[in-house]
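Novice: Here is what each chain is made of, one letter per residue.
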Amino acid sequence: MSFNLDAKAPQGELKDKWEKHKFDMKLVNPANKRKFTVIVVGTGLAGGSAAATLAELGYNVLSFCIQDSARRAHSIAAQGGINGAKNYPNDGDSVKRLFYDTIKGGDYRSRESNVYRLAEVSKNIIDQMVSQGVPFAREYGGYLDNRSFGGSQVSRTFYARGQTGQQLLLGCYSGMMKMVSKGKIKMFNRREMMDLVTINGKARGIIVRNLITGELERYAADAVLLCTGGYGNVYFLSTNAMTSNASAAWRCYKRGAGFANPCFTQIHPTCIPVHGDYQSKLTLMSESLRNDGRVWVPKKQADARAPGDIPDDERDYYLERIYPSFGNLAPRDVSSRQAKYRYDEGKGVGPTKQAVYLDFRDAIKRDGVETIAGKYGNLFEMYERITGDNPYKTPMMIYPAVHYTMGGLWVDYNLQSTIPGLHVLGEANFSDHGANRLGASALMQGLADGYFVAPYTISNYLASTTLEKVTTEDPAFKDAEQAVTLQTARLLGIKGKRTVDDFHKILGHIMWEKVGMARNEAGLKEAIDKIRVLREEFWKDVNVPGDTGNFNLELNKAARVADFLELGELMALDALERKESCGGHFREEYQTPDGEAKRDDEHYAHAAVWEYTGSNSSPIRHKEELKFEYVQLATRSYK
Amino acid sequence: MSSTNDMTLNLKIWRQKGAGSEGKLVDYRVEHVSPDMSFLEMIDVLNEQLIRKGEDPIAFDHDCREGICGMCSMMIDGKAHGGFKNTTTCQVHMRLYKDGDTIVVEPWKATAFPIVKDLAVDRSGLDKIIIKGGYITANTGNAQDANSILIPKPIADEAMDAAACIGCGACVASCPNGSAMLFMGAKISQLALLPQGHPESSKRTLEMVHEHDTLGFGNCTTHAECEATCPKGISIEHIARMNREYLKAAFTYHEKSRSEGGA
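Chains A and B supply the protein sequences, listed in that same order.
The letter at position 106 of the first sequence is residue 108 when you use the working numbering, and the numbering goes up by one with no holes.
The letter at position 204 of the second sequence is residue 211 when you use the working numbering, and the numbering goes up by one with no holes.
The hints are simulated quantities; they were obtained by calculation from the structure and are not laboratory data.
Predicted model, so just to flag it, every value in this text is computed and none were measured.
Worth double-checking, as some hints may not be accurate.
Unchecked claim - Within a straight-line C-alpha distance of at most 27 Å, the following computed DSSO-like cross-link-like pairs (lysine-lysine) qualify: (1) K60(B) <-> K497(A); (2) K188(A) <-> K160(B); (3) K92(B) <-> K395(A); (4) K542(A) <-> K60(B).
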């Protein structure tokens, strides 16, 4: 009821919007910048780049990370690459094409103005990272090399072996450490954000737990940047790191930040399949492998032959067959769904049958082992270490797994949430990827937000807002801290019979089965009921050992799972209310005769933005209507 | 889900309440270990058992569980990350062990890495070394076109070899002197190889090395244990390059203080 979902996109031609906006925004003069303090939560690509840049500008930055060093945020695990519309290969790329590919890739559920800006600054990102010493792959002439990713027909992906995320993150981290040395960033490691503090309706601070001492700490600031990543771990098994969690974003939601499109989750087609109950996480095999690997299953059901014994005419290279123009580089949502169909048809392979082949036989025959090893050597090694199989000799077995969440806190063009002063960057926001993210675009978005967008828009916020002086003695800090203390005591006091992981695994199973690759009305209703029951059981029967006041990993985990148990329900509710299929959100009731997603632009060309109304009442669904002025809404086809 | 391949293992795990307290090895027995489990998943299973029995689970650092974040840090049978080639603890799989094995698990041991709890240590010294110059001073927004800096492929590849460091600290933990020279050498070498890094190379090298020594990391006496256990296969040639940079800097680098005032 109270949400103002004005995107605040500037007027004017699409290509001029950002330039115009940069000129129209207010600046803070250099001498005044040092009077402002900004909190940045998270040190991934979004948080790291924002913290470094804001500190360079002269603001006092307080930076928080959950790991023991800012260099370990989960952006580090991104393998394949980062998109940039440089058109170095001269293959027809442009800002407009990257913009168009991203809008189409997201199945027309993102905001044109934001996406265009993303494509526009993508070029600066590549320049910036090279200047910081990121060793991108080069050709012999010394120029940068590119490769292709899904959902595009040009080569615009820059990469550093299979460790692009690591190299970009270490670039951000080094920029941050430079500003730590200058005293402009104060770094707080091993801290977890437990709540947001709002005063007079504005975000003015945070409560964090010191994970070593267990104590709660208060920090006040003039603005808060939330760069805490996505919520894929609600599924228990995902490619996310173990501590990746939704709590910071979820606490902001409960403080009044709108949560947009929570049901938009990305199931990545190429991951190492699940192999046992004890499994703690899933490992991604980079999408870049689909540049050379061919995806197939046997034509015959339950074919027990070894892959090498199955002749070509008995193999179904189904992506090449169904999508001849994109072939193995069909986008993620489409490729995952097709893998699921093959499993449903009884053509899955491997011990669990929940796998398809990704085969390099033909690429090795064409280019030689050495060339393939040069491109993917470390990925092949990683695969062999986990599975015991050698992908040079036998095809990889892969299956879809939860990887990324397009949904997140709603933000306007300035990346500000519905709470003034709370800006949300990177995967934690909902802004640029619509209902499906294209490969190599997450790194691009995190860095775009942190390097080139937020530093401008934060200055504008600080320059144009009246900010009263606040201290951590303010009653709002005391109340927020008190609430966390009470919740902690409650968790520690239950001393039930089941572990935190017991609950998390059950939740994950419900989410994967009912709110996963295919969803339907009955299943979603069932999921909501089951999650409610599970949540009640959690608060009666969870066993959190130890106490507060020390390094208690189970306690930290319990608080996160308590939030997942609420978020999971909202995801199911959002999926239930969106009565169409688009991108990663596939409702079985809404599909074309050949099993593709069927959108309903008349009724659902909007972002659904949820407002929290209390623990005993249902959240309210608001809409931000999406207007398409430059791209024509069309059926998304990769055929 | 148990199968015929399942193993029973005897573990001796270092337990220590906190930095100031005494620690000791405690015996645990874990049954139904599948060969497909990772080492950390095996510890997860043990921890679930401990929680059910009302005991304090074993604290250990871990995060990505795919060998890239550098968070996991265990001495397994006296070797950093278990001593398997190019492998972090989280990538060690139980198929490398056999039924009935006894495995000793301890934290990183080095003067500069105080223990936090059980198997978790404080590695903030590594950040402190980087703060002294492990970066290129390139502020956001000033960069020239990426292709205006040409870097020959072999140089870019060698820089990438060094840049692959995950900052786990295995080099420090396995060095008899507790030296972080491989960690530091990898960063100095990466930035010395790349043209973007040249302007600050001397200052960087002198200040990082000085900080390293101040923090209580030992010197390098070329045992090469670090190279042998580095999960990213980083070569001690990078220490050699750092030494050359250091020597060059020590002879040639003078920072004069100048007044920068003006009209």
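Novice: Confirm or reject each hint.
Specialist: To see whether the hints hold, each was checked on the structure:
| no. | hint | verdict |
| --- | --- | --- |
| 1 | K60(B) <-> K497(A) | 12 Å, holds |
| 2 | K188(A) <-> K160(B) | 37 Å, violated |
| 3 | K92(B) <-> K395(A) | 21 Å, holds |
| 4 | K542(A) <-> K60(B) | 18 Å, holds |
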